[in-house]
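Q: In case you want the letters, here they are:
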Amino acid sequence: MSLVSVQKISKSYWRDSLEIPVLNNISFDVPEGEFVGLMGPSGSGKTTLLNLIAGIDRPTQGAIMVSDTDVTRLNESQLAKWRARNVGFVFQFYNLLPVLTAFENVELPLLLSKLSKKERREHVEFALKIVGLEDRMKHYPKQLSGGQEQRVAIARAIVTDPTILIADEPTGDLDKSSALEILNLLERLNSEFKKTIIMVTHDPRAAEKAHSIRHLDKGELT
Amino acid sequence: MRVFRLIYKNMLRHKLRTMLTIIGIAIAVVAFGLLRTVVTAWYAGVEGSSANRLIARHSVSFIFPLPLAYRDRIANVDGVERVTYANWFGGVYIDKNQFFARLAVDAETFFDVYPELLVPKDQLDAFKKDRSGCIIGQQLVDRFNLKLGDIMPIEGDIYPGKWNFTVRGIYKPRDKTTDPSNMLMQWQYLDEKVRIDFPTRAGNVGWYIVEIKDPGKSAAISAQVDEYFKNSPAETKTETERAFQQDFMATVSAIITAMNVMSFVIIGIIMLVLGNTMIMAARERIREYSVLKTLGFSSFHLIGLIGGESLAIAVLGGAVGIALSYPMVAGFEAALPKGWFPIFNLETITLVLASSSALLVGILASIFPIQRALNTTIVDGLRQIG
Chain A
1 MSLVSVQKIS KSYWRDSLEI PVLNNISFDV PEGEFVGLMG PSGSGKTTLL
51 NLIAGIDRPT QGAIMVSDTD VTRLNESQLA KWRARNVGFV FQFYNLLPVL
101 TAFENVELPL LLSKLSKKER REHVEFALKI VGLEDRMKHY PKQLSGGQEQ
151 RVAIARAIVT DPTILIADEP TGDLDKSSAL EILNLLERLN SEFKKTIIMV
201 THDPRAAEKA HSIRHLDKGE LT
Chain B
1 MRVFRLIYKN MLRHKLRTML TIIGIAIAVV AFGLLRTVVT AWYAGVEGSS
51 ANRLIARHSV SFIFPLPLAY RDRIANVDGV ERVTYANWFG GVYIDKNQFF
101 ARLAVDAETF FDVYPELLVP KDQLDAFKKD RSGCIIGQQL VDRFNLKLGD
151 IMPIEGDIYP GKWNFTVRGI YKPRDKTTDP SNMLMQWQYL DEKVRIDFPT
201 RAGNVGWYIV EIKDPGKSAA ISAQVDEYFK NSPAETKTET ERAFQQDFMA
251 TVSAIITAMN VMSFVIIGII MLVLGNTMIM AARERIREYS VLKTLGFSSF
301 HLIGLIGGES LAIAVLGGAV GIALSYPMVA GFEAALPKGW FPIFNLETIT
351 LVLASSSALL VGILASIFPI QRALNTTIVD GLRQIG
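As you go down the protein sequences, you meet chains A and B in turn.
Residue 60 in the numbering used here is what sits at position 60 of the first sequence, and the numbering runs on without skipping anything.
Residue 117 in the numbering used here is what sits at position 117 of the second sequence, and the numbering runs on without skipping anything.
Calculated from the structure, these hints are not laboratory results.
Any given hint might turn out to be false.
Listed next, the in silico DSBU-like pairs over lysine-lysine satisfying Cα-Cα at most 35 Å (straight line) [as the list claims (entries may be wrong)]: (1) B:Lys-193 / B:Lys-217; (2) A:Lys-129 / B:Lys-9; (3) B:Lys-193 / B:Lys-172; (4) B:Lys-129 / B:Lys-162; (5) B:Lys-9 / A:Lys-176; (6) A:Lys-8 / A:Lys-81; (7) B:Lys-9 / A:Lys-81; (8) B:Lys-15 / A:Lys-81; (9) B:Lys-15 / A:Lys-118; (10) B:Lys-172 / B:Lys-217; (11) B:Lys-96 / B:Lys-129; (12) B:Lys-128 / B:Lys-162; (13) B:Lys-172 / B:Lys-121; (14) B:Lys-9 / A:Lys-138; (15) B:Lys-147 / B:Lys-96; (16) B:Lys-172 / B:Lys-162; (17) B:Lys-15 / A:Lys-138; (18) A:Lys-218 / A:Lys-81; (19) A:Lys-142 / B:Lys-15; (20) B:Lys-129 / B:Lys-193; (21) B:Lys-129 / A:Lys-117; (22) A:Lys-118 / B:Lys-9; (23) A:Lys-117 / B:Lys-9; (24) B:Lys-230 / B:Lys-213; (25) B:Lys-9 / A:Lys-114; (26) A:Lys-142 / B:Lys-9; (27) B:Lys-217 / B:Lys-162; (28) B:Lys-15 / A:Lys-114.
Just so you have them, the derived chain A footprint on chain B, three or more residues with Cβ under 8 Å [stated by the list, open to error]: (29) 7-20; (30) 282-291; (31) 295-307; (32) 367-380.
Just so you know, even glycine gets a beta-carbon here, dropped at the ideal spot from N, CA and C.
Okay, chain A solo, but in the shape it has when bound (with noise of 0.2 Å):
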């Protein structure tokens, strides 16, 4: 059964009066439980699928359906709620808040919900044990290393359980041995809890996790 299916989608920008096609007419889904790479060479949409599949941007044409909800048909306060419910984000740069600790960076998507001081406090701990960072909690993003960020950014897009983890790049800025520790997490959030993962990347042994990889040239999944 499919959690993601993406249906028909264009996406075209528009700079002054010239457009300029990113996306034409995709269509593919993902089952529940993937792990998919998607990959291609620089400018071929790789990271604008993602977004529109995340609901944090918007296609021209085309719908995209997660779960039982068509993303594309939500608008920017419900799009905020079902992100928040729905997607786990893991970014190249890591996009930790410098001014919070490890701890309160994974607690930031709980305050979102309603869960009690005591619940979160438990979802965070768990969530930076499984990254193995439990004894870094109390420390500052310029405190950790480029793997170890990455790991607390992991644990940040886990920790409200999502339904898909979204991932950019997320070996980009990392050294080789630092990349594998956290593909091999994902994996292990693949393999062990299940998580369906959309992943973009550009390193061929980022794909070798992945069990499916599509790729996208110029727009068009070939």
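On the provided structure of chain A, position chain B as indicated by the hints.
A: Structure of chain B alone, referenced to chain A:
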């Protein structure tokens, strides 16, 4: 962790910048408070004026005297309750820097028309019995360490000669706007001496103070008084005490207007200072705001974060400024020649204006950064490098 904690942490992100902004706001609030206090002090006489008192003075200028004979005719005008009169005495006490109002008044009626000057009855009786007696305000007692029975020697200028007055009474102001620094001596004593030394100036008063029954009829009564003396050698101009005080203020109105304008320009400057800080902060954090939006934080949350930080800085700056205003106003008053402003207080309305201005500035300064944060799409925000 709460959103408040994030606001607090964001404030401390650039400690120096936040501190300088808070200091900037505090200085502006102090300057605002000081200017408003000076303006309020100028207007203290106007604020202290009574609605049921009219002032009848010479139509040309209040420095020209009016005959004492006018008193009874004014008293006979319909609607007039009581009439008293006063003369500006002037003179120098100790030296020219010791400024306070010295007035020759009708001992029998003056304090009835000015019930806000609270004099114990025995002291008032003693004053009435002593031609060379005087009643002084509590502020003069404190300032010159005077007591009942002390002699106050005055070197006359308008009425030349050496004058010695015995302190027979001390008045306390009933209201905050009542001048506590007047020296009041008997007009009859002045007139007696003037009859001997300057006979042509005898029998004249500076102005009449007319107490009326119904303040609503002040215009009609004023017109009637002036009508009585029309085409006489000393025509009158009668107006409410407030209008009289405002006429007096007109001589310095340009300065007061400038100070009023300046006080509000200062509010504009605070807004620019805080606005600049908030715009810089928002520009640096646009990527973080996009991350928060990605995580599901709504526009409402971002408004709370940015607006909360702006308000917190403004409130802190305002609070520091208000706390500093008290010693600054006291220091400013101490630096002025004594008696320059008999009433020089940091008024509640000034504090309310200063704090509400700080709040308003906090809100206004956050509008542009909020607008920018909300209008930037998540995709654009994530691409931004702060």
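Q: Indicate, hint by hint, whether the structure satisfies it.
A: Now for the hints, and whether the structure bears them out:
1. The straight-line distance between the Cα atoms of Lys-193 (chain B) and Lys-217 (chain B) is roughly 38 Å, outside the 35 Å bound, and the hint therefore fails.
2. At most 35 Å may separate the alpha-carbon atoms for a hinted pair to count; Lys-129 (chain A) and Lys-9 (chain B) meet this at roughly 26 Å.
3. At roughly 29 Å between alpha-carbon atoms, Lys-193 (chain B) and Lys-172 (chain B) fall within 35 Å of each other, so this suggested pair holds.
4. For the given pair, Lys-129 (chain B) sits about 21 Å from Lys-162 (chain B) by alpha-carbon distance, which is consistent with the 35 Å threshold.
5. A C-alpha spacing of about 34 Å is found between Lys-9 (chain B) and Lys-176 (chain A), which places the hinted pair at or below 35 Å, so the restraint holds.
6. For a cut-off of 35 Å, the pair hint linking Lys-8 (chain A) to Lys-81 (chain A) stands: about 25 Å separates their Cα positions.
7. A C-alpha spacing of about 25 Å is found between Lys-9 (chain B) and Lys-81 (chain A), which places the hinted pair at or below 35 Å, so the restraint holds.
8. Taken as a hint, the Lys-15 (chain B) and Lys-81 (chain A) pair is honoured in the structure, with Cα atoms around 34 Å apart against an allowance of 35 Å.
9. In summary, the hint linking Lys-15 (chain B) to Lys-118 (chain A) is supported, as the alpha carbons are separated by about 32 Å, within the 35 Å threshold.
10. A hinted pair counts as satisfied when its Cα atoms are at most 35 Å apart, and Lys-172 (chain B) with Lys-217 (chain B) qualifies at roughly 30 Å.
11. Distance restraint check for Lys-96 (chain B) and Lys-129 (chain B): the Cα-Cα separation of roughly 30 Å lies within the 35 Å cut-off, and the hinted pair is therefore satisfied.
12. Taking the CA atoms of Lys-128 (chain B) and Lys-162 (chain B), the gap is near 21 Å; set against the 35 Å cutoff, the hint holds.
13. For the suggested pair Lys-172 (chain B) and Lys-121 (chain B), the alpha carbons sit about 13 Å apart, so the restraint of at most 35 Å is met.
14. Using a Cα cut-off of 35 Å, the hinted pair Lys-9 (chain B) and Lys-138 (chain A) holds, with the two alpha carbons roughly 15 Å apart.
15. As the CA atoms of Lys-147 (chain B) and Lys-96 (chain B) are separated by approximately 22 Å, the hinted pair is consistent with the 35 Å bound.
16. Note on Lys-172 (chain B) and Lys-162 (chain B): the hinted pairing holds, with a Cα-Cα distance of about 28 Å set against a maximum of 35 Å.
17. For a cut-off of 35 Å, the pair hint linking Lys-15 (chain B) to Lys-138 (chain A) stands: about 21 Å separates their Cα positions.
18. For the proposed pair Lys-218 (chain A) and Lys-81 (chain A), the alpha carbon gap of about 32 Å is at most 35 Å, so the pair holds.
19. With a C-alpha separation of about 17 Å, the suggested pair Lys-142 (chain A) and Lys-15 (chain B) falls inside the 35 Å cut-off, and the hint holds.
20. A threshold of 35 Å between alpha carbons decides the hint, and for Lys-129 (chain B) with Lys-193 (chain B) the separation of about 17 Å falls inside it, so the pair holds.
21. A threshold of 35 Å between alpha carbons decides the hint, and for Lys-129 (chain B) with Lys-117 (chain A) the separation of about 81 Å lies outside it, so the pair is violated.
22. Simply put, Lys-118 (chain A) and Lys-9 (chain B) have alpha-carbon atoms about 22 Å apart, close enough for the 35 Å limit, and the pair holds.
23. Of the pairs offered as hints, the one joining Lys-117 (chain A) and Lys-9 (chain B) holds, with about 19 Å between alpha carbons and a cut-off of 35 Å not exceeded.
24. The suggested pairing of Lys-230 (chain B) with Lys-213 (chain B) holds, with an alpha-carbon distance near 24 Å, which does not exceed 35 Å.
25. A C-alpha spacing of about 23 Å is found between Lys-9 (chain B) and Lys-114 (chain A), which places the hinted pair at or below 35 Å, so the restraint holds.
26. The suggested pairing of Lys-142 (chain A) with Lys-9 (chain B) holds, with an alpha-carbon distance near 15 Å, which does not exceed 35 Å.
27. A C-alpha spacing of about 44 Å is found between Lys-217 (chain B) and Lys-162 (chain B), which places the hinted pair above 35 Å, so the restraint is violated.
28. For the hint pairing Lys-15 (chain B) with Lys-114 (chain A), the CA-to-CA distance comes to about 33 Å; that is within 35 Å, so the pair holds.
29. For the segment 7-20 of chain B, the assignment as covered by chain A holds, since 4 residues bring a beta-carbon within under 8 Å of that chain's beta-carbons and 3 suffice.
30. Counting residues of the segment 282-291 of chain B whose beta carbon lies closer than 8 Å to any beta carbon of chain A gives 3, which reaches the threshold of three, so the coverage claim holds.
31. Residue count for the segment 295-307 of chain B with a Cβ under 8 Å from a Cβ of chain A: 5. That meets the three needed, and the coverage hint holds.
32. Counting residues of the segment 367-380 of chain B whose beta carbon lies closer than 8 Å to any beta carbon of chain A gives 3, which reaches the threshold of three, so the coverage claim holds.
Checked against the numbered hints above, the structure violates hints 1, 21, 27; every other hint is satisfied.
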